[in-house]
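In terms of our numbering, the sequence shown opens at residue 18 and continues consecutively.
Among these hints, one or two may not hold up.
Estimated spans, in silico, between C-beta atoms of each pair [as the list claims (entries may be wrong)]:
id : residue 1 : residue 2 : range
1  : I46       : P166      : 21 to 29 Å
2  : T137      : I291      : 40 to 48 Å
3  : D195      : A52       : 56 to 64 Å
4  : G95       : G142      : 45 to 53 Å
5  : K205      : G31       : 16 to 24 Å
6  : A118      : P290      : 29 to 37 Å
7  : Q73       : F135      : 42 to 50 Å
8  : G95       : C32       : 42 to 50 Å
9  : L168      : R24       : 27 to 35 Å
10 : F44       : Q81       : 23 to 31 Å
11 : Q73       : W161      : 28 to 36 Å
12 : I71       : A106      : 37 to 45 Å
Hints were generated in silico from the structure; no laboratory data involved. Given the structure is predicted, the values throughout are model-derived calculations rather than measurements. Where is the CB? At the ideal position from N, CA and C, for every residue including glycine.
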Amino acid sequence: MAVSISRGEKVFNGCNVVFMIFLSAWFIIPFVVVASTSVVGAAEAARRGGLVFIPQTFDLGAYQAIFAKGSAIIRSYGVTLFRVVVGTALNLLFTAPFAYALSKRSVPGRKPIAMFVFFTILFHGGLIPTYLVVRYTGLYNTLWALVIPQLVNPWWMLIMRNFFYTIPESLEESALIDGATPPMVLLKVVLPLSMPVLTTIGLFYAVWHWNSWFDAAIYLADIRRMPVQNILRRILINATEVINDNPEMLYEMDAPPPPDAIKGAVIMVATVPILFVYPFIQKYFVKGVLLGSVKG
């Protein structure tokens, strides 16, 4: 039997469609403008101005400049990949055992430790004490300064702990009766059953490492150790630094790329990788929000 739709519902649905189209265009058009501007040559930029919606010709000079031999972008991509891969692995290595220990009611002092962890979510030491700790522990101006100070995120650790609550204790007790040690129970029983939360929290950590730039600006003094987000910020402030860093590009091109094209190319290089990854991990982000609200 067909369900009739009232006139009010039709109007409401139509308004929703129009609003969503407008909202989508609001987000997509700026991205298209940046992508188009990144492939505009010097002559067209001088004729049409900085930002271009539909380029008349395609010029990859800006991408050629930022990916030139010895370019800071290439070095910064290596730093970012190190940070994402090594940092995320260490984050999970320290977060998972900590969360598992706090999920065991037999652990002495479990509640005070959990309260202390929760306290750090609301209050932290501040920028200057953290900087002094990094400096006097020998981490300053090293890549480890981007990883070690943020080994455990307290909020994500509590989400993981709540997931561990949902694992039946009978499974762990059976493994202990069979002669397994607590570390073996964690590795052989708990972690294989916890792949959803490990994947979710791992993705949280990876995206945070990819987007983070402030800690590198504070703890690193050598531009060669900067991640890609810091190089992006540097170029957005002064796009001509790409040409200054690669003067040999002037001899390989008819004209250097315009500053707006360089800025657009750097934005695309820094944004597109995570944009392609996000559609595949979006469901894990949504699931991760729900994990912390379920407690067994």
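Hints versus structure:
1. I46 / P166: 21 to 29 Å: Hint violated: Cβ distance 39 Å, outside 21 to 29 Å.
2. T137 / I291: 40 to 48 Å: Given range 40 to 48 Å: violated, Cβ gap about 28 Å.
3. D195 / A52: 56 to 64 Å: holds, 58 Å
4. G95 / G142: 45 to 53 Å: violated, 31 Å
5. K205 / G31: 16 to 24 Å: violated, 56 Å
6. A118 / P290: 29 to 37 Å: This hint holds: roughly 35 Å between Cβ atoms.
7. Q73 / F135: 42 to 50 Å: violated, 58 Å
8. G95 / C32: 42 to 50 Å: holds, 49 Å
9. L168 / R24: 27 to 35 Å: With Cβ atoms ~59 Å apart, the hint is violated.
10. F44 / Q81: 23 to 31 Å: Roughly 29 Å apart at Cβ, these two residues keep to the hinted range, so it holds.
11. Q73 / W161: 28 to 36 Å: violated, 48 Å
12. I71 / A106: 37 to 45 Å: holds, 43 Å
The structure fails to meet hints 1, 2, 4, 5, 7, 9, 11 from the earlier list, while all remaining hints are met.
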